[in-house]
Structures are given as C-alpha cells and as structure tokens.
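Asks: The lines below spell out each chain.
4 protein chains.
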Amino acid sequence: MGNEKTRVGIIGASGYGGIQLVRLLLEHPQVELTYLAGHSSAGKPYSDLYPHLTHRVNLTIEPIDLEAIADRCDAVFLGLPNGLACDMAPVLLAKGCKVLDLSADYRFRNLNTYTEWYKKDRQDQATNNQAVYGLPELYRDAIKDAQLIGCPGCYPTASLLALSPLLKQGFIVPETAIIDAKSGTSGGGREAKVNMLLAEAEGSLGAYGVAKHRHTPEIEQIASDLAGTELQVQFTPHLIPMVRGILATVYATLRDPGLVRDDLITIYSAFYRASPFVKILPHGVYPQTKWAWGTNLCYIGIEVDPRTGRVIVLSAIDNLVKGQAGQAVQCLNLMMGWEESLGLPQLAFYP
Amino acid sequence: MGNEKTRVGIIGASGYGGIQLVRLLLEHPQVELTYLAGHSSAGKPYSDLYPHLTHRVNLTIEPIDLEAIADRCDAVFLGLPNGLACDMAPVLLAKGCKVLDLSADYRFRNLNTYTEWYKKDRQDQATNNQAVYGLPELYRDAIKDAQLIGCPGCYPTASLLALSPLLKQGFIVPETAIIDAKSGTSGGGREAKVNMLLAEAEGSLGAYGVAKHRHTPEIEQIASDLAGTELQVQFTPHLIPMVRGILATVYATLRDPGLVRDDLITIYSAFYRASPFVKILPHGVYPQTKWAWGTNLCYIGIEVDPRTGRVIVLSAIDNLVKGQAGQAVQCLNLMMGWEESLGLPQLAFYP
Amino acid sequence: MGNEKTRVGIIGASGYGGIQLVRLLLEHPQVELTYLAGHSSAGKPYSDLYPHLTHRVNLTIEPIDLEAIADRCDAVFLGLPNGLACDMAPVLLAKGCKVLDLSADYRFRNLNTYTEWYKKDRQDQATNNQAVYGLPELYRDAIKDAQLIGCPGCYPTASLLALSPLLKQGFIVPETAIIDAKSGTSGGGREAKVNMLLAEAEGSLGAYGVAKHRHTPEIEQIASDLAGTELQVQFTPHLIPMVRGILATVYATLRDPGLVRDDLITIYSAFYRASPFVKILPHGVYPQTKWAWGTNLCYIGIEVDPRTGRVIVLSAIDNLVKGQAGQAVQCLNLMMGWEESLGLPQLAFYP
Amino acid sequence: MGNEKTRVGIIGASGYGGIQLVRLLLEHPQVELTYLAGHSSAGKPYSDLYPHLTHRVNLTIEPIDLEAIADRCDAVFLGLPNGLACDMAPVLLAKGCKVLDLSADYRFRNLNTYTEWYKKDRQDQATNNQAVYGLPELYRDAIKDAQLIGCPGCYPTASLLALSPLLKQGFIVPETAIIDAKSGTSGGGREAKVNMLLAEAEGSLGAYGVAKHRHTPEIEQIASDLAGTELQVQFTPHLIPMVRGILATVYATLRDPGLVRDDLITIYSAFYRASPFVKILPHGVYPQTKWAWGTNLCYIGIEVDPRTGRVIVLSAIDNLVKGQAGQAVQCLNLMMGWEESLGLPQLAFYP
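Residue numbers (this note's numbering), protein chains in the order written: chain C, 701 to 1051; chain P, 701 to 1051; chain A, 701 to 1051; chain W, 701 to 1051.
Worth flagging that the hints you see were computed from the coordinates, not collected in a lab.
Worth double-checking, as some hints may not be accurate.
Since the list can't tell identical chains apart, any single copy or any two copies may satisfy a pair.
Straight line, CA to CA, 16 Å or less: simulated EDC-like cross-link-like pairs of lysine to aspartate or glutamate [unchecked claim]: (1) K819 - D963; (2) K795 - E1003; (3) K844 - D821; (4) K795 - D1005; (5) K795 - D841; (6) K912 - E1003; (7) K912 - D771; (8) K844 - E1039; (9) K868 - D956; (10) K820 - E767; (11) K912 - D1005; (12) K795 - E930.
Note that the structure is a prediction, hence the values are computed from the model and not measured.
Bound-form chain C, shown alone:
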C-alpha cells in the first residue's frame, strides 16, 4: 500500500450502495479505503453488518464527523437517504474533497424541481450549480473537471442510455416516449419493509409509483437537454422477484418510417463508440439482466416494428453497479484522470 493511493471515504456505508462501493473500492488499484461513516451503526465493525467480509475489511464504522472525514479523505462518496447530502457536500467541498453523491440531492439543475418532488427546501444553489450529472456516457468531459457529482438514479441510467441516441439526433417524436422499467428488489435498499420480504415479493410482480415516481423528472431533465426542447416521458416502474438488475423497455414513434433496425444498430454503435461499458447487441438479440450482474455494463438491444412505426429499445444494467455504485466509481476515475474503466468489473458470472 502506498502513499500515492487516493484516500477515499464513504458516508453511509451500511446499505446496499455502501457495500457495493466497499467491494469495488477494495479491488480498485488506485484507491485506499480510509473512512467508513454511518449514523445508526457507528462504532460497529463493518464485518458485523456483512460477516462475509470479515477476512478483507477490518474497518470500524465511525461517526459522521465531516472535519475528520475531510482530513482523511481525498474523495468522499455519500450513500445516504435523500435530503442529507445537501447539508454535507458544501462542507466537504470547502475543505477540498471531491464529492460523489449517490442520492437525488445534486441531480437537478433546477432546485424547485427537487423541492417539488422531494419535499425539502434547499439553500445551496451555489453548490448545486457546481454539480455535474454523473452519467459519463453523456457528460464525460464535464465530469472530468467536476468536484461534485450528482450520481444518477438506477432507473434514469437504464432509461437514458436507451433513449439518448434517439433524442440527441431527433429520430423520435419526443412525446411518444414510454419507459416500462423492471427492477429487482435490491433497489429498495437494506431496510426492513413488509412488501420487500421474500414471502411477499417472491413469485409475484407488480407496478408501483405509476405516473408519479420521482425518477420521472430526473429522466425528463436530461431527455429535454438532449432533445433541445422540454419534453415529458411516461415512466412506469415494476418490482420483479429477483435481487438485482433493471430492464428498461422503451417505446417511441420514429419520425422517419423508413428507418430500419440495422440503421439504428449502426447509429447506437457510433453514439457509444467511446463508451467502454455500453454494449450494443446484434440484431435479434435482446439483453437478459443477468448478463450485467455484478458488472458496470449496459447491454442494449434494438428492434423496429415496421407495422407500427415504433422503435423498441431494451436496456439492461445491474441496478447497484452501473445503476449506482459502479457508475460513481466510473465518475471518480474520470475526475482523477484515470482510465474510465479502472477497477470496474466487465465480466459477469453466468449463470
């Protein structure tokens, strides 16, 4: 271990986002994990929460002491419930830390939108102005220069990677975009909730948050940027009886009815040429979420229905890696000037 490694801390390390970060950072060649902070679990050895890590992690969860954290860390990941990061990030930034927030706090350019959907007033407009939306496939250059990243939600990541080439290049009628998304239950976090019990969720399937899920305005903000016009999307999340994985099935009407599937495969491949984690599938192949399990990859399959004039795009990610912690590490890599894919898994175990 060297003094040349970047010292990294995690505030909110006890949840599923936290454990992914811990695991990824333990295997990252340029990083040293120096601070795990938490509130309710402060004082406990981390391996009390995750006994399978006993042999690799001998850190204890410490209190959230921002001064101490800033002293001991060059970069800090925040894995807290919505509404807490906005009180911590300004302090950490002022002390020179790079900050990567996994909550919704720094995802919105317009804080009124945040307040409307997340029910919290915000005073940190100046800090918010610094924040870059942490989707490297769209904002790679801005991320490289940023000190503060608002890491995207899991659903927006899958949805925007599916939609971006279409919106950016004006191939679809924007208001026809419908995102039918399906997620494993780990997206609900490591909190005890009756509807997330195996006995409840196993062997069943349902929608939730129909027409009112909070990832909707987040998708719309970025989609509007890409389209160059304000637009609204239909977004419906579903809970699937599995642990990990998101599949977004995206529907939209093509402007040009002459476009065929192979055109779009070419267009997507070009759009993501510089993006090591996005894999465009050959025609007739649709992604399985399991292909992305434990990796930072996004697999995209594309179909055109000549009968209806619609494009159907299927995008699959691991909701906790590319949809959360892995993407945050991808951002850190860019911020630090490292190779974008450094330390990030690219090969799932199968089956």
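Given the structure of chain C, go ahead and fit chains P, A and W onto it with the hints provided.
Replies: Relative to chain C, chains P, A and W alone:
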C-alpha cells in the same frame, strides 16, 4: 359418482394446461373425468407424470382414439401443440361432443391470418366458422350456444380484459395502444428447453418475440372488433423469474383529456358488472400477480397521467388458470347452462 | 348464511397464520367468520391488509375484547406471538368457547419447559392441564373431547409425522434421530426483518438456531411420549429461498438391520391408514414440498440404506397449512364432530 | 499479450463448468486461452452460446482434435460428461500437456469403485496411478508435482472441507458422520431436463439420490484416507430453488464429550491456516451460501450440541467455483508454481 354428471375428456393431459384441467375438473361438482389421452405418454398411469396426484387420480393415459373418446365423453378439452386440434375437432363435433380447444387453431376468424402466423394450411373453414372465441367477459352469449370454443391465449386474456372498456367505448386513440406484458415461465410449457431452466431464467429478466409474437394478431382481431375498426397494437412479452402469473401494463392516449382516474374506475366497474371474475381495484391500488395465483380472477388497476394524457391499465391473472384452463372451464360452464363460476377457485393462497 | 353455522373468531388475524385461517374458514361449509381481532390493526378493514380479498371479506378488524368475542363466537383461533394466548385462553374457556391456540403457549405439558425456552412465567397450570396437543394423527381421540388445543409448530408437525411410526414401534435407536429441516421464509411471519428481505434471502441458504431452536423441546416431548422413554433429538432448521413449504429429512439407525424399505413403507401405510392427510409414497419416490403447496397434506418418502443401517425419512408439508392453520382447522373439525377433512384443500396447484 | 503466458485449452467449454473456466481464465494474469473445443457446438462462435461475452471472447469452438490441442496448449481442462476424459487424458499427457479433468474419471484410486458406480470399464490404470485428487487444502504438495488432476465433485468439496479436521485428528466416531447437502440447480448442468425447469424447481425443495448418489464413494475414499480406516458416510443431496451454492450440514458424534465449540474453532483455524480460501467463522455465525457466490471461498461455521454430544459443521461454497472450475484453476496455479490464489475471486457481490 352419478350418471347425471357430464363426462369430460382431455386430449393432451400431460402438460401444464392438462394438469390444470385435471385438477379443476376433479373438484368440479358437475363433471366426471372419463378419458385422459396423450401420444407420447399413452399407457402410463397419470400419476407417473404427477406423483402428488397418486391419491386422487387413478386414470391411465390412453391413446388418442377419437372414436373411443367421443363414445365416452360429452365434452372434450384439447390441450395440444398448435396445428393438431384442427384435425381432431371436426371428428369430435360430428359425433356430438362439445369441444374446447386450448391451442391457437380456433382463435382466428380469418384462417389466412392463422396460416400466416402459424405456418399451417387449413381446410376446415366450415368448422372454423362455428368456433367462438372463449373470452366470456366479451362473448358470453355466443359461448352459451357454441359447440366449439377457441380458448384465448394467456397474453390476449390479460391484454383484452385491460383494453376492452377503452376500445368498446372509444375512449382512446386506438393506434396508441401499447401492451408491455410480463409472464412467469410456466407459459413455456412442460418441455425441456435450456432457456427455461431455473439456472438460466432465475434471477434474470428479458423480452422475447419483440414486434413479432404470435399473440399479436389474436389481440388485434378482438381489439378491432371492439373498436369497430382495424387497428394494430404494440405487444411486447417478457419472461419473469417466477412460475405463474401475467401482468399486462397497457398504455394508451385518451381522446378526452378531461377524463380522470375515478371516471375510468366507474366505467370499468360498470363494464364488468356481470363478470364475476374481474375485480376492479380502488384508486391507487395496483395488482400483484400473486393475488390471482391459482384462481380464475383478473385484477385490474387503473391510473391516468394528467401530465401526458395517457391511461395506464394494469391487469393481473394466473396464466394457467384465467389465462388457460380455468377460462376453458368457465366456457364449459356457460355451454352447459351452469353457473359461470361453478367449481372455479376465487380465493388465492397468500403469500 | 344460516344460524346453524358455527360462529368462529380469530384473534391475531393480520399475520400469515391469520390470513390462512381467514381463507380456509371462508371456504369451510360449516363455519361463519364473525370476529377478526387485532391490536395494532384494530379499526382497519381487513382488505386494507390484504387487498386481494376485498371482494370476499368485508369484516373490519376489531379490538381484542374478550367479552365481545366470547359472545359472538363458538370457537376462537388465537394467532398471536408467544406468551399472549395464555392470558386470554382461560377467559374464553370460562365463557364456553372452544379455543385453538397457534402459539407455543399450550404445547407443553410441563410448564417449566415452556418457561425455560420461552422466558415467561406461567400461572395457568390448571388451564394448561386441559390442553391437548393438536396433532390429529397422534391425538385424534383426545382432540375430539378437548376444549383447548395447543396447535403444533410447523417443524414439529413435519418432524413428528416422519418419526412417529419408528418411535412408537421401537424400530430405531432413539438417540440417533437427527432432523435436518428446511423451511420457506413465510415461517418467519409478516414482520419486517432485514434477513427476510427478498434481496437478502433470495439465492441463498443457511442454517439458524443450530442446537438451540425452540421447536426442539416440543419435538422431544412428543417423541418421548411415543418412545415411552425420555429422549433427545438433533434438530437443525434451515432457511430456503422460497415462500412456503417444509421438508424434514430425518435420519435414524435401525435396531433391526434386516428391515428393508418396503417393510417400512408397509408399516407407515398401516400407521397412517386412518389419517386422510398423510400420503406414503411408493418406493423410490421422494416428496417435493410443492406437492403439498396450499393443502393440508403431508407426503412421506422412505429409504433404507443397507450400507449404513440407517432409515432416511423425508416428509413434506405446507408450513402454513398442515404446519399451522390447516391443521388447526382439522382439529376444529374433530372437536365439532365433523368429518376430519371438511373444508380442507387436498389438491395442490402444480407447478 | 505475451509469449510468456501459459497457453490453456478447454475441452467441453459449452456447459456451466466451461463458461466458469472461460470467465476465470480471461481474468487470469498468467494465462492465455488458446483453444475451446467441443463436439456438438464445434464451428460456432463461443458468443453464440453466451452472447453476453461477445465483447470479450472471439474464439470459435473447434472440434476435439487432441493433436491440435496438444500443439497449441500447455495445459488442458476437460469439462466433459463422465467417461470421456479417460480416453483423452492419456494422449494429452503423452504429448506433454498438464491435464485437469473436471469429471469423475480420475477421482478414484481404485478403478473398480469407479466402474461399479459409473458403469464403465477402464483400461488406463497406469494413467490413473498418476492422478492426484485436486483438493488443494488436503493434497497441496502432491498437486504441485502432478501432471494429471482429478478435480473433486462439488458435494465432496463442501463435505470434505467440513469433515477433514475432525477425521484427520480422530475427534469423531467415524461411522456417525451424516452429510445433509443442499445445492442450487446449476449443479445439474446446462442440459434441458424437465425437473430442472424453473417452472418445476422454483418454489420447491426435495431430496434425490438418497443412499445412492455417486459422490458417496468419492467422499468415502478421501474420508477413509484421513481417518486411516475404511469408513462409510451417510450422504443425502437436496435440490434448492436457487442457481448457485452448496451448503453441507455435517453431523457427527464427538469422541470426547468435553470438547466445546471454541476448541473446535481453534482446531479448524489451525488446520486451514495455510489455506487462503477457507474461512472459519466466529462462534454463533453460520454461513450463507450467497457469501461465497462467484468466489473460490469456503465458509465454515461450527457448533457443538452439549445435549447430544454432536458436532454440527456448516460449510458453504459456490458449487461452480470452489466446487468446480475455480478449484481447478487453484490446482493449475499450484502445478505451475504460481501463487495459489492467483486470478481467483475472493470477494462476492452482495446481496
């Protein structure tokens, strides 16, 4: 057992459709199971295929001898792969049997559509003209008078129950209808296929048959009937890591932007007032497929998104009961003049 | 509904035991459900807890008012956490109710054993003396005459049905009995616990309570009765990533090395001749828990290993039906002089 | 890629063992994958079988041409059905390849035992004499010098790691050893079988091969070696509704009733001190199979029941990694003189 019971046979009793029929008919108060027929399993005790039924079924699977079947049965269910029933039904009908076919053979008014999608030429137009589409909620009266029923596919059942009130009464722009459907793997039948292994399908999720699934023209035929105009729908099936259940998430643009959710709940409730198996959920409640597990019920949840002007309808069934065998028994009840719900489960076990 | 029906109440109707009772009693031909009582959910319509029952249950959960309950019920099921029934049963019995307790409170003849394992002192020795252990296959006659039933735990039911013929007739060396039991997670109840989340429990398997699970003394009490001597068993429970079902794999050394599998199949079949819910499987067939899903059945498979001189017995039940609520209804049937199997499901849905 | 890398081939790369090897060897720093051979899939790009690997594997499956394989490989893994490797290994060894066989062909010192359980006559006694049983924790030194490895079965790996310290040091009465093992369904391989369909295996649990599974003599051979006396074990495998993972629950009677749990934890820790992949858990912690998912680790929990005088050992592995392909790579590392853990995953993703 009395001579007053209706004698019923099943051709193709070895698969998942067959075992559902066996189970439902064993508990049906007006029916006596008199003939189980199969090809590859002929000669075997039925309990060799399903050992848990040893204590209740002591029938042996017999060869498919249509003469013998017609002699010993008043009504016959056909649970065979597509393309076989059309060679058997004419014979059974000629001998006076009522016939309920669970395959696609008698679902299409226009046999050219059948031949286009199922790749088999048909000579039995006259017989086909007799067939009634076995969705009681739409064709109750015709079913009562029918001798031949083409029982609907599992996806069309869930999709059409969700769409019918909207189409029948002209509430939506027909060409905007998108059906994003999700099914448990039992829909694939009891055949050994690699992609249906637990090791492959568990913990994963994917679409299949995008823009080309054979249930599309079946949905379109009935939807066009309801709308009074030819229309096309977008239908995308997905495989979910669970045994049973279908959820159809249906999207469509409302013609009248002033319609609100409660209006539609009222409209649906009225539309299905005489249908004992369709349950319209109160506002804000969306169905879980598990609620319908093992029953002949269809649960429907309704949402309107005032931002986008769309209605989103969620419909959940057990793919093997309301989506297959239970609905066929429901049709038999109507054909025999019995109470529509006779012998059909209405209470799921939970969880 | 008739005045001749038996009026039944459930105290503690909100959990998984409660919902099974509600479902079974709704379909029971001789019973009318007249009182659902609960503490934290008092005042709520029952269908708020289980929306899929909206169309069949319009009862509201009422407070636990023992006077009112006794006035309105002939028989009362108690589905409460351990340690509460012992304060209620005496009151209900005094007012003439039959009482069936699903907790551990009335399972132990010796209250010291109860207090040692359940950490609660007991004053109701007289009431406890009246209680009969509600395993009909062993105590059918006593149950018929009882007013108070201590319904068995789910593990003891599966374990004792596997062991009883061996112990009763002295075929095994008692201290060699090992029960390796596996249960779905619904056994943990409808309480929000992190380790029972789908995200935690799915795709994994582990033991718990090794050498100290509270079902051990319960099994030992009955096993000792059968053997006519005090004995100890090894009992290890495991949590399986599925909703329902228990499999007990029981090992024991045979006293007589000449006994073969078919002897034991004969012996078991004779032992359970009068027991409609126990199904002894033919040789070479081992039970799947799914065969019993939603039924009151217990499937038993038997193997002898001539190399080691051991018998291996496999017994499968639905932990919430034969392992809990169904068995309680079976007891009620006996107490009321009805047919033992009245209203109880005997046919699983498969798959 | 350098000429200094060891050239490795896989015969039988299409199954689950094959895909694990491909994945592990792709990430191994000292290895170059030069030959993928198969019979039925020869001529196909490997990514036709596993589309998620398209971006990383552009090898095509070639015919099983032993000459060509020996020319292009320094070491060869055989991942074939039982009974085929014994015809290939002699040829490959004669040409100087190191051979690691994942089938049962080279696991038995006594070929009569092999023939009795696997029903194939063998002529290759001389080759068999060279074979070393590939369990590094027991045979590390012999593996270092070997040219031919008979890699252990998945159940024997979990069972023997749990039993070895007890047998080696005479702590238990050998004939009391009972192994109740539970496996995910991927152990059945990537072959289409009805009982392995998700629709059949999900939500259910059962034993199979009771008293006659072919891993029994394999466990007994090694256990007898350790104990220094011929012994027999009771081994019962169960199929669990999950993809990966084995848990072995091992019971045995202690010779010395004074031994307590902490003694055994100390003994196990010492026994496995030099074994980087075996993790002994602190008292009161029992392993979850998911902890080992995708890693080469074996987690062991230990309990003593002072009431019965038995030790209960719980051992959890990933059946396809430590139970198969990972352990084979661990053997290759030893044969090549590399660090034992080189290129092998040690950190599971969780949850």
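Asks: Looking back at the hints listed earlier, which ones does the structure fail to meet?
Replies: Of the numbered hints, 1, 2, 3, 4, 5, 7, 10 and 12 do not hold.
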